[in-house]
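Residue numbering for the sequence shown follows this note's numbering, beginning at 581 and increasing consecutively.
No wet-lab data here; the hints were simulated from the structure.
As the structure is a prediction and not an experimental result, all values here were calculated from the model.
A virtual CB, placed ideally from N, CA and C, is assigned to each residue, including glycine.
One or more hints might be untrue.
Unchecked claim - Pairs of lysine-lysine residues, derived as DSS-like cross-links and limited to a Cα-Cα distance of at most 30 Å, are as follows:
#: 1; residue 1: Lys-814; residue 2: Lys-799
#: 2; residue 1: Lys-611; residue 2: Lys-595
#: 3; residue 1: Lys-747; residue 2: Lys-667
#: 4; residue 1: Lys-747; residue 2: Lys-799
#: 5; residue 1: Lys-595; residue 2: Lys-747
#: 6; residue 1: Lys-595; residue 2: Lys-814
Said to hold, decoys possible - Simulated restraints on C-beta separations:
#: 7; residue 1: Lys-745; residue 2: Leu-646; range: 42 to 48 Å
#: 8; residue 1: Glu-810; residue 2: Glu-723; range: 18 to 24 Å
#: 9; residue 1: Gln-777; residue 2: Glu-600; range: 27 to 33 Å
#: 10; residue 1: Pro-669; residue 2: Glu-784; range: 25 to 31 Å
#: 11; residue 1: Ser-681; residue 2: His-594; range: 18 to 24 Å
#: 12; residue 1: Asp-738; residue 2: Ile-708; range: 40 to 46 Å
#: 13; residue 1: Pro-669; residue 2: Asn-813; range: 16 to 22 Å
#: 14; residue 1: Ile-809; residue 2: Asp-772; range: 44 to 50 Å
#: 15; residue 1: Ser-681; residue 2: Glu-723; range: 40 to 46 Å
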Amino acid sequence: MSESNRQPSEVLLHKHTRREFRERMQAGELKACIIPVAATEQHLEHLAMEHDWRSVMLVATEAARLLAPEVIVAPSMNIGISEHHMKHPGTLSALPGSWLSVLFDTIRSTHQAGFNNILVLNGHGGNIAPCLGMWGQFQQRLEINLHFESYWNLLPEDVALANLKTKRWPGHAQEFETAFALAAFPENVRADAMQDQEDREPLEASAEAGQIMIDEIVKQVSQYVAGMIEGTNKAEIPPFHT
581 MSESNRQPSE
591 VLLHKHTRRE
601 FRERMQAGEL
611 KACIIPVAAT
621 EQHLEHLAME
631 HDWRSVMLVA
641 TEAARLLAPE
651 VIVAPSMNIG
661 ISEHHMKHPG
671 TLSALPGSWL
681 SVLFDTIRST
691 HQAGFNNILV
701 LNGHGGNIAP
711 CLGMWGQFQQ
721 RLEINLHFES
731 YWNLLPEDVA
741 LANLKTKRWP
751 GHAQEFETAF
761 ALAAFPENVR
771 ADAMQDQEDR
781 EPLEASAEAG
791 QIMIDEIVKQ
801 VSQYVAGMIE
811 GTNKAEIPPF
821 HT
């Protein structure tokens, strides 16, 4: 991408040259970074294995666009902690220790690049417990405004309940995730498999409900990051024990 046609609101870090990134950072334009983390794993018979990382990348990118030019999105960590799905061939998984090491190094790299507001936006349930177990140590080590949040946790309950027939979310490849896919990337939904697989809950999903929930999630994530930039949403760094 040349300097003449690069849009100032470009939100993907990996689309920048080093000069473009350096000039934006030195100008004080960039205020926060979103690091999407997710997985590549089985999603029943009817959803593509990329669902988790593609979903969280969509949310992160659209939220950053709402906050342009202050927010940038790092490349997604698209392999997650998915040991519980390894009986299904095709699932890719990292062990918690190695996965957390790569995540920490990614956070450290973005901090070294100049970011003090970093949101690790999660799109896979298997990543949650390992992250929460280490998060205090990550914060102590870096002493920055570092947050971890799963994108579905920012979906207001009233919006979810109004649009989900089953009234539960996120669920693994169930109504919520299927509705998301129907709205955002319908080519990833296999209609024939939805009809013949044993699990029937995905049949409750609709693209219309999915789009409503995606729009609300994107809005809420953008507000969350805006609060980080404004200083009203600060991470509590646990004290060192002596």
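Against the structure, the hints:
no.: 1; hint: Lys-814 - Lys-799; verdict: holds (19 Å)
no.: 2; hint: Lys-611 - Lys-595; verdict: holds (18 Å)
no.: 3; hint: Lys-747 - Lys-667; verdict: holds (29 Å)
no.: 4; hint: Lys-747 - Lys-799; verdict: holds (21 Å)
no.: 5; hint: Lys-595 - Lys-747; verdict: violated (39 Å)
no.: 6; hint: Lys-595 - Lys-814; verdict: holds (29 Å)
no.: 7; hint: Lys-745 - Leu-646: 42 to 48 Å; verdict: violated (29 Å)
no.: 8; hint: Glu-810 - Glu-723: 18 to 24 Å; verdict: holds (19 Å)
no.: 9; hint: Gln-777 - Glu-600: 27 to 33 Å; verdict: violated (46 Å)
no.: 10; hint: Pro-669 - Glu-784: 25 to 31 Å; verdict: holds (28 Å)
no.: 11; hint: Ser-681 - His-594: 18 to 24 Å; verdict: holds (21 Å)
no.: 12; hint: Asp-738 - Ile-708: 40 to 46 Å; verdict: violated (23 Å)
no.: 13; hint: Pro-669 - Asn-813: 16 to 22 Å; verdict: violated (41 Å)
no.: 14; hint: Ile-809 - Asp-772: 44 to 50 Å; verdict: holds (46 Å)
no.: 15; hint: Ser-681 - Glu-723: 40 to 46 Å; verdict: violated (19 Å)
When the structure is compared with the earlier hints, violations turn up for hints 5, 7, 9, 12, 13, 15 and for no others.
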